[in-house]
Amino acid sequence: MAHGDVKHDYHLVNPSPWPLLGSIGALFLAVGGVVLMRGVGEGFFLAKGQWTLFLIGAAIMTITCIGWWGDVIKESRAGDHTPVVDIGLRYGMILFIASEVMFFVAWFWVFFEMVIFHDNRSSWIIAGDPEAMAAWANWPPPHVETFDPFQLPLMNTLILLLSGTTVTWAHHALQQDDRKGATLGLLLTVLLGLAFTYVQFGVEYPEAGFAFGNAGEVASANVYGASFFMATGFHGAHVIIGTIFLAVCLLRLISGGFSAKKHFGLEAAAWYWHFVDVVWLFLFTFVYVTPYLTMQGN
Amino acid sequence: MKRGALSTIAAGAAAIFGAGSALAAEGAPTPGGVHFQEPATAVMRDIVSFHDNWLMPIIVGVSVFVLALLLWVIVRFNRRANPTPRKFTHNLLVEVIWTIVPVIILVVIASQSFPLIIKEETIPQSEYTLKVTGRSWSWAYEYPDLGVSFTSSILSDEDIAARNAGDPEVPARRLLSTTEPLVVPVGANVHVLVTSEDVIHAWAVPSFGVKEDAIMGRVNETWFNVDSPGVYYGQCSELCGKDHAFMPIEVRAVSRAEFAEWVVAQGGTMPGAPAVGAGGEPEAAAAAPTR
Amino acid sequence: MSHHDAAHAGGAHDAHGDHRPSIYDPRRWLFSTNHKDIGTMYLVFAIIAGLIGGAMSGLIRWELKEPGITFLPHLVHVPHAILEQVRLGVMNADQLWAWKVDAAKHFYDTLVTYHGLIMIFFMVMPAMIGGFGNWFVPLMIGAPDMAFPRMNNISFWLLPVSFTLAMISFLVPGAGDHAGFGGGWTLYAPLSTNWGGGATPFSYHDGPAMDFLILSLHIAGASSILGAINFITTIFNMRAPGMTLHRMPLFVWSMLVTVWLLVLSLPVLAGALTMLLTDRNFHTNFFNPAGGGDPVMYQHLFWFFGHPEVYILILPGFGMVSQIVSTFSRKPVFGYLGMAYAMVSIGLIGFVVWAHHMYTVGMGLDLEAYFIAATMVIAVPTGIKIFSWIATMWGGSIDFKVPMLWAIGFIFLFTVGGVTGVVLANSGVDTSFHDTYYVVAHFHYVLSLGAVFAIFGGFFYWIPKMSGYRYNGFLAGLQFWIMFIGVNIVFFPQHFLGAQGMPRRHVDYNEAYQYWNNISTIGYLITAVGVLVFLVTLVEMFLVKRKAGANPWGEGANTLEWSLSSPPPFHQFNELPVIKPEAGH
Ligand code: HEA
Ligand code: HEA
Ligand code: CUA
Ligand SMILES: [Cu+2]
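Chains as they are written, first to last, in this note's numbering: chain U, 876 to 1173; chain P, 195 to 485; chain S, 7 to 591.
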């Protein structure tokens, strides 16, 4: 984009209000979050359970996202995304996914720690609370009924794997400039994503034989439920985000937004989707299948 | 070492408050001190010797060496002394040396370090088991096999003044003395189990070389074997909230006989000893190990 | 191309010299997409945070000047309910004082906590990575800006947000009546969690302070991760023609390693913080043994982040010291590749040593032995750095300008802090030192006498470039000597206190510890004078406006930033520089 005296292809972005606005949104979200969960004072804005500040934050965030990414799309159309900028975007997306992987490492860490070392704990001479001892001694702990992985979870695995193929189909179709095929593939992917979310949150979760909550009140509420729901829940949240991402791409595709050569938005969405897919395979293997197979003796 | 013939509460009190027994050694900080507290166990002696004979010379040596080099280049290669800089950027030999020599130094350190942790972490055959439970903000002690248990909290300023007014052999110390000291026998391996009822605390007695986190839901182990009778202080060593600085540890190490008396006075029984008040021979009782 | 003129309406004149917007135009700062402006905002932010964090450490030192709880009770916040009781005569003056003394205990803990957090997350990281990194990584690799200029700006603006949340957290109820979270910068569970039920109900920090703090750190983390992605992309993708990885200045190398550590370690902290949050608010029991969880697991997750974090705090300093030493010795860096890969290996090994912070949790012999060995290994690449700096000076023609003073101070004092780290690595003696002032002395030697020295060195090295003005050498030199003496008096005696067994995070101590604590506090007063002199130096510099040329340091300063005017044009390198083999570092 050589112009005037600028003799390089990098993209010098114009000043933008979105970062500041997004930060203010984050402030509202955070304060609102604490108000929601715990309450900071009294009244409409600060008492526990009040949504006002949180929703203001969410609204600001939504506006920011739309405005920000809208600008990105505009800049892309304007040709600011030269090949070298495009490579930069790819680095950015890959690194973002890398950081997400490390986030999931934390949740798997907890899970593996519990699976592998629960024996250690019961062998400590715990001269105290028998309930705690029992919780240490077994994995999954007492009162927990795990899922049979070869029913719903297997189906969900297949749904997600299938969606991985449809998104690849969409991508390849677009590369061949087959916009119809691309649209269809993407549409199917979004639908499969929705199906996954429905099956997980709508069907599987309500059937869980363990709980997430106060250990004192629900016998089966313990760290098994917690690590199960937090790990699969964060995965589920990523599925939803990925689905939205893909849906936006679908809209852009329908409105003629991508070309056979340039469609990084779609590629990024696809990468993200594959990442979500891989995380699920780990979850399926280690959170659903392995415990089920190895714990049947318990 | 004087051993009172009393086998009554009075003896217990004597053991606790030091009247009539020789609490020669003391494990406490010294004003302006720059070094470890006086070691009272073999483990702590090993820690001190590892630190003093190996680590200190090495780290002082390294620091002085770096300082000397710096001073040398400052004097020799400043702008006035050396107006035209040389331009070399490599010298394989010195690079290899300053990689290999530190490795050797570290191997030497490790060779001394590993035996020490083996000694610290291997719990020997023990005569007594002591259970220590941290809670916000006091310590609960129990000799499960002896049927003795009690709680020990910080001694208030008023109580310190009152106790010190009686001119005791061991004056009470602010933030270190407790309402009820832990009593342990000298020369016996004591196996310590440490746990907590709430947040994490840490049971630490510097002169024993012992510091073990007290964590709810798990029981940590350590051990000590005190050389000589005395009073040894420690403090909670893991931040546990507002009164973290106010849950001291006070250990009185006494002879086996006095220990037996103390146990009985606390309403416990020494294994193999006749019931309280029957006037058995404490020495024999104390000699019988619990396991 | 017409689209382009539209996109850059008003920006077309960029190329003609230095038409920067006025500094009084708020949009220049609020909406900035310019790496130098954003870097400047980071630096201002870091200085403010440093002053606040430094003031907090002053309160800490003042309370510790003498035994007893004598100073902080005057400062604690007294809730209305208590004042009301005093007014009604239910509480007399003595009882009120007793209440204040009790409150001061918690207040002290909060001061320690927020002091640590502010210094680490809001002073050192913003100064080194956000400030100097933003300013000089693009300049040194010959790039016109960062890869994602707009994202760069949100990385910055999230920080004041995060800091605001931390300050809210400091002021809202934390534990019962008492404001703020007082569980240490490590936020250990269960002190930081709050279990409403279970076999052992426990709730210490029951107020919202901890929740605010968690979200504050989440946001600070997000800011750093976005920044890190930006740096990696910039360094990998935007180097000028000929600027190969092996020709990058060492400061760029140090940033590259640092930001990788950020990308890989911060998300794990985010996970741990999220677990704290859900443990507190949704009873997830991750760290609650009664529900099958484990408090020690929090420590593993925290230190898996926390140890790489300490290298995040020092590596950019290594980079700056390399630039400074080479510049003022008028000699290229000795052993460039060894220096670069020493940092890479410090970064890598830094990921597998975390449990040396946890020797007393009861981890068992084998793990202790492993972590001792792994930890000590880091001394080798660090030694390579120390000796290579000295070798760079060796044969050089050293000019003792202010940045060089800080750099030389750094090399020696960091060594002192590093070797006490090696002592601590040996779990056998760490039994004695863990959670005592020996550890406090160790980490202030590497932080307050290491990282901070590097920051001041970098600041005086680059301030002529950044502002276009030269500082007053006498004042700046004075600051160095006052602070050098001050911080050593603060922290050297703390080794003695630690050896004598004084535990850290104790608001009060036995009289035996008085002597060295007193001296340490006097050292703080000296240090504080040094910080004042720093401020005076800054003000004087901007008032007197001595113009700095493009390169005030002479032939030794041969990295790209010195080829530009001081201050550099608003957009530099409209025509990319071409790096020839001889140039480079
Ligand atoms: C900038 C930050 C920084 C840096 C660089 C370091 C560097 C090191 N640290 Fe430090 N550390 C902290 C910040 C840092 N640390 C903090 C903040 C804490 C406390 C956290 C808390 O609990 O709140 C801590 C705590 C801490 C502990 C836990 C102590 C405890 O809580 O009980 C340990 C234990 O192993 C340790 C070890 C080390 C080691 C081995 C190094 C090594 O990297 C040092 C290597 C450097 C040298 C060795 C000097 C130069 C080398 C030579 C000249 C070569 C020759 C030398 C030899 C052969 C010895 N540190
Ligand atoms: C970078 C980190 C850093 C720095 C610089 C400092 C600086 C200081 N610290 Fe801090 N400290 C910590 C990190 C740091 N500390 C941490 C992590 C803890 C542990 C917390 C915990 O236990 O949870 C701690 C704990 C701690 C304690 C222990 C409290 C206890 O355990 O009870 C004490 C006690 O003396 C103390 C004192 C001081 C003093 C007197 C300084 C003085 O050096 C302060 C003088 C001021 C400065 C040196 C700052 C000047 C800098 C600027 C003004 C910015 C300049 C910026 C640019 C030029 C861009 N600190
Ligand atoms: Cu108990 Cu600190
Ligand atoms: Cu560490």
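Check before you lean on any hint, since a few could be wrong.
[Stated by the list, open to error] Have a look at the derived ranges for each label pair, beta carbon to beta carbon:
| # | chain 1 | residue 1 | chain 2 | residue 2 | range |
| --- | --- | --- | --- | --- | --- |
| 1 | S | Ile29 | P | Ile291 | 45 to 55 angstroms |
| 2 | S | Leu549 | U | Ser1130 | 27 to 37 angstroms |
| 3 | S | Leu373 | P | Ile291 | 47 to 57 angstroms |
| 4 | U | Gly916 | P | Gly255 | 56 to 66 angstroms |
| 5 | P | Ser243 | S | Leu373 | 37 to 47 angstroms |
| 6 | S | His252 | U | Val976 | 27 to 37 angstroms |
[What the hints assert, rightly or not] Output of the computed footprint for chain S on chain P, the stretches with three or more beta carbons under 8 angstroms from beta carbons of chain S:
| # | stretch |
| --- | --- |
| 7 | 280–289 |
| 8 | 321–329 |
| 9 | 332–339 |
| 10 | 347–356 |
| 11 | 373–385 |
| 12 | 410–419 |
| 13 | 443–453 |
Please keep in mind that the hints were generated in silico from the structure rather than gathered at the bench. Note that CB positions come from ideal geometry on N, CA and C, so glycine has one too.
Here is what the structure says about each hint:
no.	hint	result
1	S:Ile29 with P:Ile291: 45 to 55 angstroms	holds, 52 angstroms
2	S:Leu549 with U:Ser1130: 27 to 37 angstroms	violated, 57 angstroms
3	S:Leu373 with P:Ile291: 47 to 57 angstroms	violated, 33 angstroms
4	U:Gly916 with P:Gly255: 56 to 66 angstroms	holds, 59 angstroms
5	P:Ser243 with S:Leu373: 37 to 47 angstroms	violated, 25 angstroms
6	S:His252 with U:Val976: 27 to 37 angstroms	holds, 28 angstroms
7	280–289	holds (count 8)
8	321–329	violated (count 0)
9	332–339	violated (count 0)
10	347–356	violated (count 0)
11	373–385	violated (count 0)
12	410–419	holds (count 5)
13	443–453	violated (count 0)
Violated hints for the displayed structure, listed by number in ascending order: 2, 3, 5, 8, 9, 10, 11 and 13.
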